[in-house]
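Model the full assembly from the supplied sequences, consistent with the hints where possible.
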Amino acid sequence: MKILVTGGSGFIGSAVIRAAVKQGHQIVNLDALTYAASLNNLTSVESNPRYTFIKGDIRDINLLSRIFNSYRPDSVMHLAAESHVDRSIDSSVNFVETNISGTYNMLESFRKYWQELGQPDTFRFHHVSTDEVFGSLPLNSQVKFTESTPYNPRNPYSASKASSDHLVRAWRETYGLPIIITNSSNNFGPYQFPEKLIPVTILNALNNKKIPIYGAGRNVRDWLYVVDHAEALLSVIKKGKVGTSYNIGAENELTNLELVHKITSILESIKPRKKGAYADLIAHVKDRPGHDERYAINPNKINNELNWHSNVSLDQGLNQTVHWYVDNESWWRPLIKSS
147 MKILVTGGSG FIGSAVIRAA VKQGHQIVNL DALTYAASLN NLTSVESNPR YTFIKGDIRD
207 INLLSRIFNS YRPDSVMHLA AESHVDRSID SSVNFVETNI SGTYNMLESF RKYWQELGQP
267 DTFRFHHVST DEVFGSLPLN SQVKFTESTP YNPRNPYSAS KASSDHLVRA WRETYGLPII
327 ITNSSNNFGP YQFPEKLIPV TILNALNNKK IPIYGAGRNV RDWLYVVDHA EALLSVIKKG
387 KVGTSYNIGA ENELTNLELV HKITSILESI KPRKKGAYAD LIAHVKDRPG HDERYAINPN
447 KINNELNWHS NVSLDQGLNQ TVHWYVDNES WWRPLIKSS
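Be aware that the sequence shown starts at 147, since it is given in my numbering, and climbs by one per residue.
Worth flagging that the hints you see were computed from the coordinates, not collected in a lab. There may be inaccurate statements among the hints.
[As the list claims (entries may be wrong)] Label pairs and their calculated CB-CB ranges:
(1) Arg479 - Lys258: 26 to 36 Å
(2) Lys387 - His469: 33 to 43 Å
(3) Ser216 - Thr268: 14 to 24 Å
(4) Ser193 - Leu285: 46 to 56 Å
(5) Arg479 - Asp220: 15 to 25 Å
[Unchecked claim] Taking lysine-lysine and the DSSO-like style, the derived pairs with C-alpha atoms no more than 27 Å apart in a straight line are:
(6) Lys432 - Lys355
(7) Lys432 - Lys201
(8) Lys258 - Lys417
(9) Lys432 - Lys356
(10) Lys408 - Lys432
In this text the structure is predicted, and so the values were computed from the model without any measurement. No residue lacks a Cβ here, since even glycine has one placed at the ideal position from N, Cα and C.
Okay, structure coming up:
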């Protein structure tokens, strides 16, 4: 399969590409290389003849048309997006332009290309989204997000992703586009840009800086190891049912405070703090506006239909992630200096 991956130099995209090349797929990686992306995420495949990198922006529809006509992929995995909630609250314009307008450009470019080729049945447009489009679940409940959960986005980031999901579904209903949507829970693992909770916790601890926790730290997230997510995405693009969506999660619910304590405990075991404990650095800060209380994914559909199951437990994944950041200062140190 020849797959055009957008946003392939980012955290999740690079994990997908590393797995896809290993499986024997041909990959064209289109990435604008904004602040959270790095070609260093793909050094293991950059010389592979099955891999091609193009620097470009999905907001450039003329570029997209040239890429489809020149490289002629048979599938698209669309991951390119602005993804940090805090940044969307501070300034939402890039989220609207990239996540909504950029997705429109991708759909239109793919539609014209697909129609010119006679609408092949084997083609796929796989739109990668988030569970945040469903809004917030109540704490201390057993309710989880399913594929039929109504959308209820509560911040500019999730609203922009919900909008892009609706565009993808509309292009299916109007033009018959062979689309699939996936909505995943919070990802973690190596190569995650140091603005999300887990890398912030690790790197702040290693640098003896305060570890910020919004509010009381009772907000619950459902954590998914990025390598497991990459395998799920490749399974969906190969075997998923066209016109439907799949929720991807590992059923690892934890409060933010519990998660941070797990991370500081792992750090103490592999690189003890010279004075005091890493947990002493935890600092509760003013809560984020509209902070969703809880996310939780019900993955039964992808488990049953595609026989995908997460392979890495939360504790295994956290151990691997903490060790990776400890061992790869040369990767994250320049990012901290430039951010």
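Taking the hints in turn, this is what the structure says about them:
1. Arg479 - Lys258: 26 to 36 Å: violated (44 Å)
2. Lys387 - His469: 33 to 43 Å: At 38 Å between Cβs, range holds.
3. Ser216 - Thr268: 14 to 24 Å: Cβ of Ser216 to Cβ of Thr268: about 20 Å, so the range 14 to 24 Å holds.
4. Ser193 - Leu285: 46 to 56 Å: At 48 Å between Cβs, range holds.
5. Arg479 - Asp220: 15 to 25 Å: About 40 Å separates the Cβ atoms of Arg479 and Asp220, which means 15 to 25 Å is violated.
6. Lys432 - Lys355: Holds. Lys432 to Lys355 sits at ~17 Å (cutoff 27 Å).
7. Lys432 - Lys201: violated (38 Å)
8. Lys258 - Lys417: violated (54 Å)
9. Lys432 - Lys356: Judged against 27 Å, a Cα distance of about 14 Å means the pair holds.
10. Lys408 - Lys432: With a Cα-Cα distance of about 22 Å, the restraint between Lys408 and Lys432 holds, given a limit of 27 Å.
Checked against the numbered hints above, the structure violates hints 1, 5, 7, 8; every other hint is satisfied.
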